[in-house]
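Assemble the whole structure, with the sequences as input and the hints as a guide.
Same order as they appear, the protein sequences are chains A and B. Just so you know, my numbering puts 261 at position 261 of the first sequence, and the rest follows in order with no gaps. Just so you know, my numbering puts 51 at position 51 of the second sequence, and the rest follows in order with no gaps.
Hints are computed from structural coordinates only; laboratory data are not their basis. A few of these clues could be false.
To be verified - Keeping only pairs whose Cα atoms sit at most 27 Å apart, straight-line, the calculated DSSO-like set for lysine-lysine is: (1) A:63 - A:253; (2) A:63 - B:24; (3) B:101 - A:63; (4) B:24 - B:101; (5) A:253 - A:211; (6) B:101 - B:89.
Letter by letter, the chains look like this.
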Amino acid sequence: MSWRGRIERVLAHVRRRRLDQDLEAELEAHLEMAELDARASGLPAEEARWAARQRFGGIEQMKEEHRDRRSVQWIETAARDFRIAARTLARTPGFVAVTVLTLAIGIGATAAVFSLIRGVLLTPPPYREAARLVLIPSARTDGQQQERARPWAAAQWLEWQRSAQSIQSIAAYRWVFDFLILPDGAESFQGMVVTPEYFAVAGIEPMLGRKFAASDASPSATPVVLIGYQLWQRRFGGDPNILGQTVRINRQKAPVQIIGVMPPGVRFLPAPDVAQEPNYDENGLVDIWAPYAPSSEAEELKRPRWNIVARLAPGFQAAQAQAELTLLTEQQAQTNPDFAGFTPNVQSLTSEYNRDGERILLPLFGAAALVLLIACGNVAALLLLRGLGRQREYAVRAALGGGRAGLFRQASTECLVLALAGGTLGAGLAFGAVRTFQLIGGHAVPRLDAVTTGWPVLLFGLGLALLAALLAGLFPAWRASRLDPNEVLKGAGPKATAGRGERRLLRGVTMAQTALTLVLLAGAGLLIRTMLNIAHTASGYDTARILTMSVTSVQMKADDFHRSSLARVQALPGVEQAAYAWGVPLTGNNWPMRVIIEGQPLPASAKEATELPLRSITPGYFAMLGLPLVEGRDFRSNDDGQAPPVAIVNQAFTDRYFPGTAALGKRIWMNGPDKPANTIVGVVANGRTDDLTLHAAPEIYGSFWQYSAYSKHLLIRTKTEPLAMASAVRSALRAVNPNAAVEHIQTLDQIRDDSLASRTFAMRLLIGFAGVGCLLTLVGIYGVLSLSVASRRHEIAIRTAVGAGRGEIRSLILSDGLRLIAGGLAAGLAGALAFSRVLRSFLYEVEPNDPGTLIAVAVLFVGVALLACWAPARRATRIEPMKTLRWE
Amino acid sequence: MSNVDMSKQRNEVPYGTLDLLVLKTLETMGTMNGYRIARRIEQVSGDALKLSQGAIYPALIRLEQEGWIRAEWGLSETNRKVKFYSLTKAGGKQLAAEVRKWEEANALVARFLEAAP
Numbered sequence: 001m002s003w004r005g006r007i008e009r010v011l012a013h014v015r016r017r018r019l020d021q022d023l024e025a026e027l028e029a030h031l032e033m034a035e036l037d038a039r040a041s042g043l044p045a046e047e048a049r050w051a052a053r054q055r056f057g058g059i060e061q062m063k064e065e066h067r068d069r070r071s072v073q074w075i076e077t078a079a080r081d082f083r084i085a086a087r088t089l090a091r092t093p094g095f096v097a098v099t100v101l102t103l104a105i106g107i108g109a110t111a112a113v114f115s116l117i118r119g120v121l122l123t124p125p126p127y128r129e130a131a132r133l134v135l136i137p138s139a140r141t142d143g144q145q146q147e148r149a150r151p152w153a154a155a156q157w158l159e160w161q162r163s164a165q166s167i168q169s170i171a172a173y174r175w176v177f178d179f180l181i182l183p184d185g186a187e188s189f190q191g192m193v194v195t196p197e198y199f200a201v202a203g204i205e206p207m208l209g210r211k212f213a214a215s216d217a218s219p220s221a222t223p224v225v226l227i228g229y230q231l232w233q234r235r236f237g238g239d240p241n242i243l244g245q246t247v248r249i250n251r252q253k254a255p256v257q258i259i260g261v262m263p264p265g266v267r268f269l270p271a272p273d274v275a276q277e278p279n280y281d282e283n284g285l286v287d288i289w290a291p292y293a294p295s296s297e298a299e300e301l302k303r304p305r306w307n308i309v310a311r312l313a314p315g316f317q318a319a320q321a322q323a324e325l326t327l328l329t330e331q332q333a334q335t336n337p338d339f340a341g342f343t344p345n346v347q348s349l350t351s352e353y354n355r356d357g358e359r360i361l362l363p364l365f366g367a368a369a370l371v372l373l374i375a376c377g378n379v380a381a382l383l384l385l386r387g388l389g390r391q392r393e394y395a396v397r398a399a400l401g402g403g404r405a406g407l408f409r410q411a412s413t414e415c416l417v418l419a420l421a422g423g424t425l426g427a428g429l430a431f432g433a434v435r436t437f438q439l440i441g442g443h444a445v446p447r448l449d450a451v452t453t454g455w456p457v458l459l460f461g462l463g464l465a466l467l468a469a470l471l472a473g474l475f476p477a478w479r480a481s482r483l484d485p486n487e488v489l490k491g492a493g494p495k496a497t498a499g500r501g502e503r504r505l506l507r508g509v510t511m512a513q514t515a516l517t518l519v520l521l522a523g524a525g526l527l528i529r530t531m532l533n534i535a536h537t538a539s540g541y542d543t544a545r546i547l548t549m550s551v552t553s554v555q556m557k558a559d560d561f562h563r564s565s566l567a568r569v570q571a572l573p574g575v576e577q578a579a580y581a582w583g584v585p586l587t588g589n590n591w592p593m594r595v596i597i598e599g600q601p602l603p604a605s606a607k608e609a610t611e612l613p614l615r616s617i618t619p620g621y622f623a624m625l626g627l628p629l630v631e632g633r634d635f636r637s638n639d640d641g642q643a644p645p646v647a648i649v650n651q652a653f654t655d656r657y658f659p660g661t662a663a664l665g666k667r668i669w670m671n672g673p674d675k676p677a678n679t680i681v682g683v684v685a686n687g688r689t690d691d692l693t694l695h696a697a698p699e700i701y702g703s704f705w706q707y708s709a710y711s712k713h714l715l716i717r718t719k720t721e722p723l724a725m726a727s728a729v730r731s732a733l734r735a736v737n738p739n740a741a742v743e744h745i746q747t748l749d750q751i752r753d754d755s756l757a758s759r760t761f762a763m764r765l766l767i768g769f770a771g772v773g774c775l776l777t778l779v780g781i782y783g784v785l786s787l788s789v790a791s792r793r794h795e796i797a798i799r800t801a802v803g804a805g806r807g808e809i810r811s812l813i814l815s816d817g818l819r820l821i822a823g824g825l826a827a828g829l830a831g832a833l834a835f836s837r838v839l840r841s842f843l844y845e846v847e848p849n850d851p852g853t854l855i856a857v858a859v860l861f862v863g864v865a866l867l868a869c870w871a872p873a874r875r876a877t878r879i880e881p882m883k884t885l886r887w888e
Numbered sequence: 001m002s003n004v005d006m007s008k009q010r011n012e013v014p015y016g017t018l019d020l021l022v023l024k025t026l027e028t029m030g031t032m033n034g035y036r037i038a039r040r041i042e043q044v045s046g047d048a049l050k051l052s053q054g055a056i057y058p059a060l061i062r063l064e065q066e067g068w069i070r071a072e073w074g075l076s077e078t079n080r081k082v083k084f085y086s087l088t089k090a091g092g093k094q095l096a097a098e099v100r101k102w103e104e105a106n107a108l109v110a111r112f113l114e115a116a117p
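Spelled out as structure tokens, the structure:
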């Protein structure tokens, strides 16, 4: 057989319709010509037609042979099996609808979570050979946690670069936040200051223009930047002539020249030193890159301000780099005491990149897989029951020589058709679900914005469908092929009942479903408990009706702007109170400060000093949040640069550092012992400002007029709906400074919800999965019990005939159902104990094995499951003994 | 392969031979439609061979797929759209090869029969 022939035969399946039409045309022409010839030989019309047909032979048979010979045999057979299966299934649309929908729900849930996993975890960071990239954050040598990871000094990483064998190349970077000054107003951006090697280390190339050259970083060079694709599109309309244009940046004196545009989707590398900055978004897209090279100035070389990314040399592992860098850093600390106390902690970029995503997505994927398993259980039961209903058909076919293999093939093809339909529909559901996840997910999952659906998800759905077909269909198909036609055909009426073996099997399936459902319910229950616990935990402050926005005065003296804008906003109708603050609750913002507290032992070196978060606020901030002052006074508007520095501390601070003595009047040194100290003028009540699930830690507040911040929040308590005030506030700010940047407008309640996003997201998904699992399982229980009642009709009729009351019959069936549920319950509780541990990091004030939750979900499930048993039990009591016994 | 329908009890064309007959017919007669090919085979073989004319079509599609014959639409004598078949270059070679094989097989069988006592 030639290759051409083979290809043609495969193509014949695609061209099926046309080939059939062509054959039909030829056939008709053939018969006409034959008829014409026959009439020419003297036959009358009717006989001529008959003779033509006669000479032609069997038409249908010829067509069949035509099809067989022109196509590939197994494709033809499979296609025929599929057509037959589709026709057979079309006769029972109800069955098909239920089965396909059940599978689609299971497959949809799993494929939806898979798309998140694919987008967030399986898509490698967009750097060349990302597996060889490592991040090198610092750790304290004494093992203590750092409030803010200390970055590295240029002197340190320059030496790593020179001496470490395991490192091929190294780049230093720093996160920056600033404003572009454009003709139509200022716009904030997040950017990176990088050493020129950064692009080579990361393995990324600009799509337009060029990377930084070493000369770009020299102080005498023209300042240049590369811009991100998104910024290019957003602010420059994708202008192809962008290269060479200059832009103004707020905190840079000279305009900077754009020399390149990076491709879309380049995100930040983590900069743990600035994680507390209000505008820091580790998962954000980089807008601007600026070059940097350390000068040879000794002071400059010693300043710790760099985060490090490195590319491992070929053949070296992260552990080798760790050992080598640890040693180098120790030597540096010996020669230079400024570097003492910190050691590198080499981490693979990929694992760092995926950590948050794995924490939430893997448990959710497990939960979705459980839903799929439960769905498969229902489908298996449905297929078994369908097989029972069709025993006679199968038996007749077997008796006519259909063959076991043929029966098996047909039953499994039907299942495959159902599964593929379910898979396709499921992938469709998954597409919708992913959109929903992106809407409700917010910050729950990192880089959720980059998740896409499409072919891979559809293929995954179809793959799951094959798996489901195997799980749910194999056994029913095997049963169908094992039927003994004699046994079946001897029986008289249509069989709608099941034998002992099938019933036992179905009970097993239902128990397994019950167990899986209980695992899901327990997970959902634990997260609901967590959210309730959080809701009932007093945060210490009131987030209601507070509007927040980040405000930056661009090109105007900050102090003037803050004072006059605050006065203007406070005067607006509808505003109760307003304040500026750096360090709004639950945003993660604060300045970690190394402080010396009066009366506390002096630290041996500056690096061992206590680290405490400093926040900066204007007077009235505490009153607005409902945080009462326990002692002393609030800040005043004259606590400014001319006045002596003051501080307010929280209750946790006084409890820790001044137990039993007065904190008022004590001093705190923020900038080392040689600078003026801040005097404590007030003590404020505790608030859970870092995290609602954590007790308040010691906090220090400074006066905003003494600790001004470049970008900060404006908070406004409004009389009515806060967001409705947004535009009035913005106009008031713009009236003071037309260039003021007003961004991230949201309510404090939204910030609060955001801080709980991953828990809320996990809870919603688990509730959804558990609900669906529950519903499917209840359908399963209902089905099994109904079947059991139908099969035991005879027995029940006899019991009723000999005097059993309705109550007895009912409890007979209900106890049957209860046994069924109890079996699954026991396994489910064991499963819940085993699996709930994966949720530990999400839970708050509830243990993964919390008995209360387990009992509650078990009771809840038994309650609804008994409802599912009620209808079959009722049906059992309605059985009329005379009718039933006479009929059988 | 179940091309030969045994239930009919007719003196069918041996499997594989029909392809050869079709190729030979086209070589001799040039371009022809399906009906004419079937008629020609019947006429040449006289009454010795009983062919269901329909059997020609599965053979034609297969030969066309292999690239040995070419089909083009034309009009029949009854003014209907019908395919006209002609031999391709590859078909000519194939025919030559088939004929050689056939003759070799014939010669072998003939020698065998003559050698019998």
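Hints numbered earlier in the text: which of these fail when held up against the supplied structure? Checked against the structure, the hints that fail are numbers 1 and 3, while the rest are satisfied.
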